[in-house]
Amino acid sequence: MSKLTLKTEGDTQVVVTRRFAAPPEAVYRAHTDPTLVQKWLLGPEGWTMPVCLIEARPGGRFRYEWKNGKGRGFHITGEYLELEPYSRIVHVERMYLPDPTPDNHIETRFDADGTGTLMTMRMTLPDAQTRAAMLATGMERGMEASYARLEGMI
Amino acid sequence: MNEGLNLDAAFSALADPTRRAILARLAKGEATVMELAEPFEMTQPAISQHLKVLEDAGLVARRVEGTKRPRRLAKAGVEAMDQWLAMLRKALERNYERLDEVLAGLEQAKTKRGEKR
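Sequences listed follow chains H and P, in order. Residue numbering for the first sequence follows our numbering, starting at 217 and increasing by one per position. Residue numbering for the second sequence follows our numbering, starting at 16 and increasing by one per position.
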């Protein structure tokens, strides 16, 4: 059973939830400490994040750059609007493909759940079309490994 | 993926609440345009317009029965969308499985520090 849920809400939102076996403080740190973020926010097999800059303060900026080691890469930039250690992060981000995608407004909550954490990430896109484009194509990069696995199964 | 399905069009089609309601109705069984228009305060041409978007996206199919054109869910299209969302979940899950390991590492480091004290 997967611990992750991903669903659309209303016309412009996507909500992801996931439980972790660590307290909110640790999960929050793993989202704001660049040396930790670089270890897990990687997408498909073979991709790395050589650049991870995080100014973890309201108004601070961040930049993530991914490379697949075969000459392909892309990056995301964003700004933090609110940071409430260790319970809540609000930020905006956009992906460069290479043109910037419309801003994705993201609220991430870390709620204590027994001895662990329930993370709730609520993405709000500017309009229904942008959300549709993100769901249909924007996350495609993350799909490559899944496709490879799917092909292996057929 | 499924030939009748255009994912871009399918997700755009789903962005509209009326179209989602139409799909929910069709999930219960076949219906004519008139039957579909009934619960909405909309004209039949307006509903037909929404149905066209859903048909173009590969989510709704029609058959001919005399003068009627009853619509039904295009099961293959809806299943393909489900599959796509399942793959998105899977890709995200890979990241979070790595995060589980990072968190376990943090916990271990903390325990070690505790032991030294």
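Everything labelled a hint here was simulated from the structure, so no lab data went into it. Any given hint could be a false lead.
Said to hold, decoys possible - The list that follows gives simulated cross-link-like pairs (lysine-lysine, DSS-like), each with its CA atoms no further than 27 Å apart:
#1 90/P / 127/P
#2 67/P / 219/H
#3 43/P / 90/P
#4 223/H / 125/P
#5 223/H / 127/P
#6 90/P / 105/P
#7 105/P / 255/H
#8 255/H / 90/P
#9 255/H / 223/H
#10 223/H / 43/P
#11 90/P / 67/P
#12 283/H / 255/H
#13 286/H / 105/P
#14 283/H / 127/P
#15 125/P / 255/H
Structure-based check of all given hints:
1. 90/P / 127/P: Cα-Cα ~55 Å, so violated.
2. 67/P / 219/H: violated (37 Å)
3. 43/P / 90/P: holds (12 Å)
4. 223/H / 125/P: Distance ~35 Å between residue 223/H and residue 125/P Cα, so the pair is violated.
5. 223/H / 127/P: Cα-Cα ~39 Å, so violated.
6. 90/P / 105/P: This hinted pair holds, its Cα atoms lying about 22 Å apart.
7. 105/P / 255/H: holds (18 Å)
8. 255/H / 90/P: violated (40 Å)
9. 255/H / 223/H: holds (26 Å)
10. 223/H / 43/P: The given pair, whose Cα atoms are some 22 Å apart, holds under the 27 Å limit.
11. 90/P / 67/P: holds (17 Å)
12. 283/H / 255/H: Cα-Cα ~14 Å, so holds.
13. 286/H / 105/P: Roughly 24 Å between the alpha carbons, so the hint for residue 286/H and residue 105/P holds.
14. 283/H / 127/P: With Cα atoms ~34 Å apart, residue 283/H and residue 127/P exceed 27 Å; violated.
15. 125/P / 255/H: holds (18 Å)
In terms of the numbered hints stated before, the structure departs from hints 1, 2, 4, 5, 8 and 14, listed from lowest to highest.
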